[in-house]
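A.B. asks: Just so you know, the protein sequences line up as chains A and B, in that order.
Residue numbering for the first sequence follows my numbering, beginning at 1 and increasing consecutively.
Residue numbering for the second sequence follows my numbering, beginning at 1001 and increasing consecutively.
Everything labelled a hint here was simulated from the structure, so no lab data went into it.
None of the values given here were measured: they were computed from a predicted structure.
Beta carbons: idealized from backbone N, C-alpha and C, even for Gly.
One thing to keep in mind: the hints can contain errors.
Stated by the list, open to error - One-sided excerpt, in silico: chain A residues whose CB lies under 10 Å from chain B: (1) Ser73; (2) Met76; (3) Val80; (4) Arg84; (5) Leu90; (6) Tyr118; (7) Trp119; (8) Leu121; (9) Glu123; (10) Asp146; (11) Asp150; (12) Leu169; (13) Pro172; (14) Thr182; (15) Val195.
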Amino acid sequence: MTTKGPGADLGRSGRLIADITASGRGALVGFLHVGYPDVATSLLAVEALCSQERSGDDQRPGVDLVEVGLPYSDPMMDGVTVQRAGTKALARGVRTRDAFAAVEAVAATGTQAVVMTYWNLIEQYGPDSFARDLAAAGGSGAITPDLTPDEATAWIAATDAHGLDRIFLVSPSSTDERIAATVAACRGWVYATAVMGVTGVRSQASAAGPALVRRIRRADPTAMVGVGLGVSNGAQARDVTTYADAVIVGSALVRTLLAAEDDGRPDDLSGLRAVVADLAAGVRASTSVVS
Amino acid sequence: MVIQTPSVGSPPTLPDASGHFDQFGGKFVPEALYAALAQLEAEFHAAQADPAFATELNALLADYTGRPSPITEVPRFAAHAAPTGGVAPTIVLKREDLNHTGSHKINNVLGQALLTRRMGKTRVIAETGAGQHGVATATAAALFGLDCTVYMGRVDTERQALNVARMRLLGAEVIAVESGSRTLKDAMNDAMRDWVSSVDHTHYLIGTVAGPHPFPLLVREFQRIIGTEARAQILQRYDRLPDAIAACVGGGSNALGIFADFVPDPEVALYGFEAGGAGVQTGRHAATISAGSVGVLHGMRTYVLQDADGQTRESHSISAGLDYPGVGPEHSWLAYTGRGHYEAVTDAEAMDAFALLSRTEGIMPAIESAHALAGAVKLGRRLPQRSDGTPPLILVNLSGRGDKDVDTAVRWFDVDTSGSPSTAGQTR
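Isolated chain A (complex conformation) (with noise of 0.2 Å):
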C-alpha cells in the first residue's frame, strides 16, 4: 500500500481517506445531525451510516467518515433541508454534548467520525475543554464552516494539544494566496466546496469541482481532498471521486431522514440505508476510473 508522500499532515482522518485512495477507490464522508429527529435517534442513524458488520455477510458497506452535525441557531451555509432538520433537533433540546455520544457510537463501530459545528458553539463551550472532550469520545477532529485559520488561533492550540484533526473550507473564490495558507493550516485533509452557494442536493455536478482540486492540488500535492455541496447518488458520488479524494453527502441522507418523520415514521432508517448503500456502491464503482 502506497500513501501519498510526506508534505500534508495529515492526521487520522486524512490517513484514513488516504489509505481508502491508495486501495483504489474515493472515500465516501457522510453527514447527519446529531439531535434530529431526537438525541436517541440520530445515534442509531449515524450507526446506520456506517459498515453493518453481520456475521457471514460484509455486503453492506457504509460511509467511511461520519461528519457528526451539531444544529446551530443561525446556521448560514446551510440549505433549506439541512436548517429544517437542524431547527427541530434544536427545537427538541439537543445540546452541544449531545455530539460526543454521537461519535461515540460511530467510533464503536469502528468508523471515524468528525464534528462539524458552527465556530460559537465551540467558543462557547471552550476550545481547549471541546477539543478534550471530543477526543475522548474518540472523534477525530472537527470541520468549522464559519471559521476560518485569520480567526482560529484558539482552535489551532486546542486541536494541536489534542491530536485532533482541524478541517477548514475553501471555495472556488479563494485566492491561490488563502488556499496555499487554508491547506497549511489544515490537518486531515481540506473541504473543498464546489459551488458556490449553501447546501443541498443539486441535479447536476459542479463543473467548479475538478478545477478547484487542481488549484489545491498545486498548493499541496500530498493533500487529501474531500469535495461536498450538491451531491446525491451514487453515480455524482462517482463522478466526484474521479477527480477528489473523498466526496461529502450531507442533505441527501438529511432529507431521507424528514421524509420519514413527514410520514409519520419518524424512527424509519430503511430510507436512510437505502441512500447510503447506492452511494456506498457508486464510489466502489469508481475502481476502473481512478487513476
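Dock chain B against chain A, hints included.
C.D. replies: Frame of chain A; chain B shown alone:
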C-alpha cells in the same frame, strides 16, 4: 450655516487591519465570502482616497437626502425630564427623521450604492427589520438602476406592512423569511445565504455597523456625517459641546454615526439605549450589551443574546428595528472599555416617550428613536447641573420618523381611529 461635509473620514485607529476592535469584530465567515469582503474593503479604501467619490456622495447627501439635517431644541419635551425640584435639561434633537426616506439609513445606503457601482455589480440585497433600511436600499437601487432584493422576517413584514408596500412600489423584491425567529437576525442569515450564491454580481448592502469586517468600519464611516454635522451645529448654537449624547442601539449604526466624532471628547458622555422589551428581568428583550455575553454571530465577535451552548436567543422588542440579538462590535468595545454606557429602555418607556414628543413638540418619532428619547428623559433626571450652574445639554439622535409606526401606536394606545361625531353648529 454652512457645514463642511466630510470626506469619507480620516483613517481611524480601530478597527485594526484585520477588522478587530481588540477582542471584538473580525471575520467569522465561510471562506466563500472572503474574496467578496476583500474586494469590498479594497474598494472602500480606494473610494476614500478618491476625491471624486466624496464629491459625488456629498452632492447626493445634499441634493437627494436633504443634508445637513437640522438640530431642534425641544423645551416642552425637556420640561418632563427635570429632576424632582430641579431644572430641566436642555435637550436637542439631531433630525435624521427629516432625511429622504425618513431615517438615517439613507446615509449609509448611498455610500454603499456608489461602492456597488464602482465594483461593477448590478444587484444589491439587504436585510431589514423595521423596513427603514429596506426602503432606503430600494430607493437607492431605483436611483442607480440596480436590481434589489430585500430580506425581511415574516413577523416584521406583518408589523411593518406599510414599508413592505413602499419597497415593492420602489421596484424591489421583498422576501418574507420564514426560518428561525422570523425577524431581523433570520433576514440576515438568508441575505448571507443569497450572497454566498450570488457574490459575483451582487453586493450585500448591510444596514448597520454589524457583520464581518469591513461592514462595521464602512457603515460607521458613512454614518459619521451625523455626528460631524451635529458637533458643528451644537458648537455654533451653544458654544460648547454637549454633556451627553443619547442614541438607540439595535445593530447600532445611528448611534455610532452620532458618537464617532465625539469619541475623542472625554467630557461628552456617550449613551446607547437598547431595547428592554417587556423588561430585562423577563427575558423578553433585545438588550444585548446590558444582558448578553460575548460570542460570535453573523460574522463578528460581539455581545450576543445566547444560551449556555451559544445558541442565539430570540430577542423581543416593540421596535422591529431594535429587535436584534447582536450588536455592532464597536459598541461592544465602547462598552467594554467604559467609553460608552449602555442601558435598557422598555417598550412602555419608549412608547411613553413616543407620545410625549408627539404631544409636546409635534414631532412623531420612530419607535426606535423613542428609546433614545426615553433615555434622554432618564439622563435629564439624574445628570448634575454643570459647574457654571447651567442645565446639562443632551443631544439626542432622532434617527427616524414615526409614520411607519402608526399602526403599532394605534394598538398600543388603543387609539380610536373612527373620529368623534360632529357637534359643530349645534347650540348648547
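A.B. asks: Run every hint past the structure and note whether it holds.
C.D. replies: For each hint, the structure was consulted:
1. Ser73: With Cβ-Cβ at 4 Å, under 10 Å, it holds.
2. Met76: holds, 4 Å
3. Val80: Since the shortest Cβ distance to chain B is 8 Å, the answer is holds.
4. Arg84: Because about 9 Å separates Arg84(A) from the closest Cβ in chain B, which is inside the 10 Å limit, the hint holds.
5. Leu90: Check passed: Cβ of Leu90(A) comes within 6 Å of chain B, closer than 10 Å.
6. Tyr118: Holds. Min distance 8 Å.
7. Trp119: Holds, about 5 Å.
8. Leu121: Leu121(A) check passes; min Cβ-Cβ to chain B is 5 Å, inside 10 Å.
9. Glu123: holds, 6 Å
10. Asp146: holds, 5 Å
11. Asp150: holds, 6 Å
12. Leu169: Interface hint status for Leu169(A): holds (5 Å vs cutoff 10 Å).
13. Pro172: holds, 8 Å
14. Thr182: holds, 7 Å
15. Val195: Check passed: Cβ of Val195(A) comes within 8 Å of chain B, closer than 10 Å.
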